[in-house]
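Student: Following the hints, put chain B in place on chain A, whose structure we already have.
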Amino acid sequence: MIKVGITGGIGSGKSVVCELLRVYGYPVYDADDRAKELNNTSPIIRDKLISHFGKDLYPDNKLNKKKLANIIFTNPDNLKIANSIIHPEVAKDFIKWILEREKYAIVFMDAAVLLEAGFNKILDKVITVYAPYTLRLQRASERDKTDIKNIAERAKNQLSEEERIKLSDYVIYNDDTQSLIEQVATILRTLCNE
Amino acid sequence: MNLRATLNKWQPKLRAYFSTFPWKNMLIFVFFVVLAFIFWLMLFFQQEKVEGSYTIPLKYVNIPNDIVFNNPLPDKIEILLSDKGSEIFKYDFRKRDTIDIDIMSLMEDNVDIIQGSTYIQMIRTRISTTSNLIQYYPPTISIESSKLESKELLVVFDGEVNTSNSSLVADTITFLPEKVTAYGSGEKLKTLDSAITEYSVFENLKATSQLHVKIKPIEGIKFVPSEVEAFIPIDEYTEKYFEIPVECKNAPKNINVKFFPSKVNVSFAATLEEYKKIEADDFKVILDYNQLNKTDSSSIALELTTYPSNVRNIRISPTSAEFLFEKK
Chain A
1 MIKVGITGGI
11 GSGKSVVCEL
21 LRVYGYPVYD
31 ADDRAKELNN
41 TSPIIRDKLI
51 SHFGKDLYPD
61 NKLNKKKLAN
71 IIFTNPDNLK
81 IANSIIHPEV
91 AKDFIKWILE
101 REKYAIVFMD
111 AAVLLEAGFN
121 KILDKVITVY
131 APYTLRLQRA
141 SERDKTDIKN
151 IAERAKNQLS
161 EEERIKLSDY
171 VIYNDDTQSL
181 IEQVATILRT
191 LCNE
Chain B
1001 MNLRATLNKW
1011 QPKLRAYFST
1021 FPWKNMLIFV
1031 FFVVLAFIFW
1041 LMLFFQQEKV
1051 EGSYTIPLKY
1061 VNIPNDIVFN
1071 NPLPDKIEIL
1081 LSDKGSEIFK
1091 YDFRKRDTID
1101 IDIMSLMEDN
1111 VDIIQGSTYI
1121 QMIRTRISTT
1131 SNLIQYYPPT
1141 ISIESSKLES
1151 KELLVVFDGE
1161 VNTSNSSLVA
1171 DTITFLPEKV
1181 TAYGSGEKLK
1191 TLDSAITEYS
1201 VFENLKATSQ
1211 LHVKIKPIEG
1221 IKFVPSEVEA
1231 FIPIDEYTEK
1241 YFEIPVECKN
1251 APKNINVKFF
1261 PSKVNVSFAA
1271 TLEEYKKIEA
1281 DDFKVILDYN
1291 QLNKTDSSSI
1301 ALELTTYPSN
1311 VRNIRISPTS
1321 AEFLFEKK
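Going down the list, the sequences are from chains A and B.
Just so you know, we're using my numbering here: the first sequence kicks off at 1 and counts up by one.
Just so you know, we're using my numbering here: the second sequence kicks off at 1001 and counts up by one.
Next comes chain A alone, as it looks inside the complex (with noise of 0.2 Å):
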């Protein structure tokens, strides 16, 4: 089985690629969308973050995810304290995900932080979605209906697109000009003839 993440910067397409690979039959693990199952689920993430944070971050049992983003982007130290939390456990949580799906030659990580997390260390080849800048703003400011500024603070906590993909085996560029279609199915045929 080839484990294979997706990952881009805001705005790049990173979902659209995974909702064509769900097309091709692939299996796509949401690592984001797993990471709020789990943030509520795991009792380890839950007795680790009340450690560190206090008992407030879970009324009801449930994680208070506005006061999370607070004490997480006021605070550098304490985003990096959460990650190392939350991460580990995303990454465990995948292993087993992975295991229930022996039978796929191919899976997929959809992860927008899966690089900043060492996700890679998992997996055996990484894709980057990229699209330039302006166009990766324009389209997340139009999809979260946010200011562009908004979208270009957020920007600036993730990894550079040169770095990016230099830590990355295949780039799709999701610019408008090449297809999309074909981009994913030429890596599809990579992925399978290896």
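These aren't lab readings, by the way, just hints derived from the structure by calculation.
Built from N, CA and C at the ideal position, the CB exists for glycine as well.
Worth double-checking, as some hints may not be accurate.
Partner residues are not named here, just some residues of chain A that face chain B (Cβ under 7 Å, in silico) [to be verified]: (1) Val16; (2) Val23; (3) Glu142; (4) Lys145; (5) Ser179; (6) Leu180; (7) Ile181.
Tutor: Just chain B now, with coordinates in the frame of chain A:
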């Protein structure tokens, strides 16, 4: 050296100079100058024949709309007159009244040129009875005119209307009156199908506005009225967004068409009143399978196939999508 130091230095010298100045002699001198001026004035006032030149402004009233003057009309008369010095002196300080020339009544009397006694009489109404009119210019005023043809034209706006951020022009601009009459030669009128306003820029309009606009002048054409009221309906708008699916029609039963992305963002502006009534289901992006099947490309341009008529500035993003046919 500063000013204070300079003053301090010169003050004693100035004081010494003015204390020795012959004030008495100076006052006597001034008194006789004034006396001489008074005598001169008395002589001037008593003089019988003093000449003076003046201008009298002209105003033309009751001009029929359907005529054009063959010659340009003068806007003033220059006159030279003589009178007693005292009268001439008064002219110099008198506000000059305009002479109103009633074109309609002159035309009724078949007068084409104002001249001779009529003209002099007209001037005389504005000067003293004792004054002798020596000369006047122009010697005649020609009010000869030609009859014009007329045509009613719809007013068309030319310009820019910029609203404040939260407002938009809600409807077309209307005019009061909506038509104006153009007078001119038949040939020239044939070339006109509307009366265009002068290029006007209205900035930062926040509410429905009624504004004056002038009709753009055209040589040889007279517009009546030459100014109209532009009624610009402005409504407060607000932005709204929806995410709607890209759909396919006419696909065979065994084919599933998949679009990438499968959803598009629609943004639009709606009046506050309409804002709550508009729903995502009011917008549709539906592509025809037959059209997709024909194209060689795997990408297709997207556009809204259904949307409410009362929304403005509609945008969709992205504007194209890729597609795949999936066998069920």
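Student: For each hint, tell me whether it holds in the structure or not.
Tutor: To see whether the hints hold, each was checked on the structure:
no., hint, result
1, Val16, "holds (5 Å)"
2, Val23, "holds (5 Å)"
3, Glu142, "holds (4 Å)"
4, Lys145, "holds (5 Å)"
5, Ser179, "holds (5 Å)"
6, Leu180, "holds (5 Å)"
7, Ile181, "holds (5 Å)"
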